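Those sequence lines, one after another, are chains Y and X.
Last residue of the first sequence: 214 (the working numbering), numbering continuous.
Last residue of the second sequence: 117 (the working numbering), numbering continuous.
Source of the hints: derived by calculation from the structure; they are not laboratory data.
Only a predicted model underlies this, so the values are computations on that prediction, with no experimental measurement involved.
Wrong hints could be hidden among the right ones.
[Unchecked claim] Here chain X is said to cover these stretches of chain Y; the calculated rule only asks that three of the stretch's residues, wherever they fall, bring their Cβ under 8 angstroms from a Cβ of chain X: (1) 59-69; (2) 149-160; (3) 165-173.
[Claimed, not checked] List of simulated lysine-lysine pairs, DSBU-like, C-alpha gap at most 30 angstroms: (4) Y/K206 - X/K105; (5) Y/K201 - X/K105; (6) X/K105 - Y/K203; (7) Y/K88 - X/K67; (8) X/K105 - Y/K81.
Beta carbons are placed, not taken as given, at the ideal position from N, Cα and C, and that holds for glycine.
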Amino acid sequence: GGHTTEILRLLSCLSESYCPRHYVLADSDKMSEAKIRSFEQKRAETFSSAQFTLDRIPRSREVRQSWTTSVVTTLYSILYSLPLIYKLKPDLILCNGPGTCVPVCISALLLGLLSMKRATIVYVESICRVETLSLSGKILYYFSDYFIVQWPALKEKYPKSVYLGRIV
Amino acid sequence: FRFKDSVAEELRRADLVISHAGAGSCLETLEEGKPLIVVINEKLMNNHQLELAKQLHRDGHVLYCNCSTLVETLQSMDLSTLKPFPPGHPEKFALFLDNVFGFQ
């Protein structure tokens, strides 16, 4: 729920150049779809061209799931998201920390290696992360094109990151 | 409250909020402009959730205690010392992305 609220805030000031928007959710996520539809509905009131889609992939990792099983479930999620990313061919992948973003980004990277159009990966670490990165953040710090943090302590620890202050 | 979808209504009517250190609870409360006391659960000391609560306390936006000191905190608190919590700036993010993609 927190991740969804944050990402919708990140989207709130984007122009319609960022269109169509493809939302990818974990299959077990029960709350985000309503928030997304409500956000897009409001948006459609201002921008008649607003378009979006919603897809679900298997959740790659439950909170505090063990390492070994996490690798298996993440691999399964990657296999599942490869055809989805291939179909969507995104220009930009925006993610902010739930485990769901890792298979999506890895799929995009793999497909990019196989000469599909390369997506720009922008990762925004959650505002809850003041001193340490989330697991998704630790992984995607090395694979993202732009890695944004919201507190100065993280900018110091992770010099390749971008610090814009609080953006949600 | 276990079965309520949202405490937004109660939050708007509250004069003081006492909450755990969950980020959602803290931010929702601060954005509503309500004074907040965060109660830290000592058993979860290594939980990263504490990071935000600690930072908010350092910045003077929340009061902070644990279960055993809650009563004392309530008795001696001075809510006027709490600083208002400014909103975030998603427009800075939009500007950043526009620069990345060359949009005007």
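Outcome of the hint check:
Chain X is given as covering the segment 59-69 of chain Y, and this holds because 5 residues of the stretch bring a CB closer than 8 angstroms to a CB of that chain, at least three being needed. Coverage of the segment 149-160 of chain Y by chain X is violated in this model, with 0 residues showing a Cβ closer than 8 angstroms to a Cβ of that chain against a need of three. Residues of the segment 165-173 of chain Y with a Cβ under 8 angstroms from some Cβ of chain X number 5, which satisfies the need for three, so the listed coverage holds. For the given pair, Y/K206 sits about 19 angstroms from X/K105 by alpha-carbon distance, which is consistent with the 30 angstroms threshold.
For the given pair, Y/K201 sits about 17 angstroms from X/K105 by alpha-carbon distance, which is consistent with the 30 angstroms threshold. The straight-line distance between the Cα atoms of X/K105 and Y/K203 is roughly 22 angstroms, inside the 30 angstroms bound, and the hint therefore holds. In summary, the hint linking Y/K88 to X/K67 is not supported, as the alpha carbons are separated by about 35 angstroms, beyond the 30 angstroms threshold. For the suggested pair X/K105 and Y/K81, the alpha carbons sit about 23 angstroms apart, so the restraint of at most 30 angstroms is met.
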